[in-house]
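Undergrad: Listed here are the chains, written in short residue letters.
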Amino acid sequence: MPKRQVYSSKKHDTSQKNSQHSTSKEMHNELKKDLKKMGKSFFAGFDSFPKALKFESQESQEEIILFLRRHFVINLPWIFIAILLAIFPLLFSSLGFFSFLPDRFGFMTYLLWYIFILVYILEKFLSWLYNVYIVTDERIIDVDFHSLIYKKISETKIDKIEDVTYVQGGFVESFFNYGTVFIQTAAEKREFEFEHVTQPARVAKVLNQLILQEEQEKIEGRVR
Amino acid sequence: MATATFGDIIIDQTGIDPWGALKIVYLFAIVLYIIFALIVVRQITLMTGTLDGQISGSVKLLGKIHLLFSIFIFILALIVL
Chain A
1 MPKRQVYSSK
11 KHDTSQKNSQ
21 HSTSKEMHNE
31 LKKDLKKMGK
41 SFFAGFDSFP
51 KALKFESQES
61 QEEIILFLRR
71 HFVINLPWIF
81 IAILLAIFPL
91 LFSSLGFFSF
101 LPDRFGFMTY
111 LLWYIFILVY
121 ILEKFLSWLY
131 NVYIVTDERI
141 IDVDFHSLIY
151 KKISETKIDK
161 IEDVTYVQGG
171 FVESFFNYGT
181 VFIQTAAEKR
191 EFEFEHVTQP
201 ARVAKVLNQL
211 ILQEEQEKIE
221 GRVR
Chain B
1 MATATFGDII
11 IDQTGIDPWG
21 ALKIVYLFAI
31 VLYIIFALIV
41 VRQITLMTGT
51 LDGQISGSVK
61 LLGKIHLLFS
71 IFIFILALIV
81 L
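Heads up: the sequence lines are chains A and B, in that order.
Residues in the first sequence are numbered from 1 upward in steps of one, following this note's numbering.
Residues in the second sequence are numbered from 1 upward in steps of one, following this note's numbering.
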């Protein structure tokens, strides 16, 4: 079993850092500056302050801070399976597996086989593309599309977050710098999981900064 | 003397044309594929409705091209088989 690193930071642990910042606006600007340096990556599934992105239940003043999806590396197993499936017909033809079929049926059999692979690829790709995690200045949202017919959206307010933990373990996760962030909340849904997201340490840090910012906003009386 | 093919043997033994039956099976599979392509288009609409980003337009186009491709495959099967 691979050795896993677990990091945790509770809400009250960070409250002392609050005094280092004067206003929530300054904290927000600092966060923005930090994240802008990191840029964005489609394959790593990371984007900060995306301008051209909107989600269904977004409020007019709500700003998207982080947009995350699972790291592209987790797609490699199904890509490998698809490549293997694509090679199979070559093996069949060399063994003369479908030689009893008339040419026109042989052709259609191979075509149907590749259509099956295309269906498999499309389903997996869309599932990866639209299973996303969004962190806004007010809440976190987990968008899940299980298969092509089931949609589940969970969300919780930032001020309901109790504990942020991330787990990163094994060679692949360490090499590509991705892992899972666990978010314990005081809301109805007790735990959120940002699975296989890039730079989990950074994501956990951002969440902690947002918790602090939210607390500061409450002190300043700027709660939306 | 001509040798009997696999199809001839089946017709002799059962009286059923295996290629006609296989054609129906193939066409049915492609109809299922068209239904899948329609579900994909519908799902992409739902997904882009939930999350509208820079790639939404490209993904919608991909879904529509895929649907057209599935219809093309059905027509091709009708011609070839």
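Quick caveat, the hints were computed from the structure, so don't treat them as lab data.
Treat the hints with care, as some may be off.
Unchecked claim - Below 20 Å or equal to it, Euclidean Cα-Cα: the simulated SDA-like pairs (lysine to any residue) are:
| no. | chain 1 | residue 1 | chain 2 | residue 2 |
| --- | --- | --- | --- | --- |
| 1 | B | Lys64 | A | Glu191 |
| 2 | A | Lys51 | B | Gly49 |
| 3 | A | Lys157 | A | Asp144 |
| 4 | B | Lys23 | A | Phe176 |
| 5 | A | Lys124 | B | Lys23 |
| 6 | B | Lys60 | A | Leu122 |
| 7 | B | Lys64 | A | Val143 |
| 8 | B | Lys64 | A | Lys205 |
| 9 | B | Lys60 | A | Val119 |
| 10 | A | Lys32 | B | Lys23 |
| 11 | B | Lys64 | A | Glu215 |
| 12 | A | Lys54 | B | Gly57 |
| 13 | B | Lys60 | A | Lys157 |
| 14 | A | Lys54 | A | Asn75 |
| 15 | A | Lys51 | B | Phe6 |
| 16 | A | Lys157 | A | Val119 |
| 17 | B | Lys64 | A | Leu129 |
| 18 | B | Lys60 | A | Phe176 |
| 19 | A | Lys36 | B | Lys60 |
| 20 | A | Lys205 | A | Met38 |
| 21 | A | Lys151 | B | Ala77 |
| 22 | A | Lys152 | B | Ile10 |
| 23 | B | Lys23 | A | Leu112 |
| 24 | A | Lys152 | B | Phe69 |
| 25 | A | Lys40 | B | Gln54 |
| 26 | A | Lys124 | B | Ile16 |
| 27 | A | Lys124 | B | Val59 |
| 28 | A | Lys54 | B | Lys23 |
| 29 | B | Lys60 | A | Asn208 |
| 30 | B | Lys60 | A | Val206 |
| 31 | A | Lys40 | B | Ile39 |
| 32 | B | Lys60 | A | Val143 |
| 33 | A | Lys54 | B | Gly49 |
| 34 | B | Lys23 | A | Gln216 |
| 35 | A | Lys152 | B | Asp52 |
| 36 | A | Lys32 | A | Gln216 |
| 37 | A | Lys32 | A | Asn208 |
Said to hold, decoys possible - Computed, partial: chain A to chain B, Cβ under 10 Å:
| no. | residue |
| --- | --- |
| 38 | Glu63 |
| 39 | Ile115 |
| 40 | Phe116 |
Glycine included, C-beta positions come from ideal geometry on N, C-alpha and C.
Undergrad: May I ask you to test the interface hint for Ile115 (chain A) with respect to chain B, counting a Cβ-Cβ separation under 10 Å as satisfied?
TA: holds (6 Å)
Undergrad: Regarding the pair Lys54 (chain A) and Gly49 (chain B), is the alpha-carbon distance no greater than 20 Å?
TA: holds (9 Å)
Undergrad: CA of Lys151 (chain A) to CA of Ala77 (chain B), is that 20 Å or under?
TA: violated (34 Å)
Undergrad: Lys152 (chain A) and Asp52 (chain B): Cα distance at most 20 Å?
TA: holds (17 Å)
Undergrad: Against the 20 Å threshold, does the CA-CA distance of Lys64 (chain B) and Val143 (chain A) hold or violate the hint?
TA: With Cα atoms ~23 Å apart, Lys64 (chain B) and Val143 (chain A) exceed 20 Å; violated.
Undergrad: Between Lys157 (chain A) and Asp144 (chain A), is the straight-line Cα distance small enough, at 20 Å or below?
TA: Given pair Lys157 (chain A), Asp144 (chain A) holds - Cα atoms ~18 Å apart, limit 20 Å.
Undergrad: Given the hint that Lys64 (chain B) pairs with Leu129 (chain A), does the C-alpha gap stay at or below 20 Å?
TA: holds (17 Å)
Undergrad: Need the status of pair Lys60 (chain B), Val206 (chain A): alpha-carbon distance at most 20 Å?
TA: Judged against 20 Å, a Cα distance of about 32 Å means the pair is violated.
Undergrad: Would you check the hint for Lys64 (chain B) and Glu191 (chain A), treating anything up to 20 Å between C-alpha atoms as holding?
TA: violated (37 Å)
Undergrad: Please work out if Lys40 (chain A) and Ile39 (chain B) have their alpha carbons no farther apart than 20 Å.
TA: It is violated: about 31 Å lies between the C-alpha atoms, which goes past 20 Å.
Undergrad: Grab the minimum C-beta distance from Glu63 (chain A) to chain B and call the hint holds if it beats 10 Å, violated otherwise.
TA: violated (15 Å)
Undergrad: Given the hinted pair Lys40 (chain A) and Gln54 (chain B), is their alpha-carbon gap at most 20 Å?
TA: holds (13 Å)
Violated hints, in rising order: 1, 4, 5, 7, 8, 10, 11, 13, 14, 15, 16, 18, 19, 21, 22, 24, 26, 28, 29, 30, 31, 34 and 38; the structure is consistent with all others.
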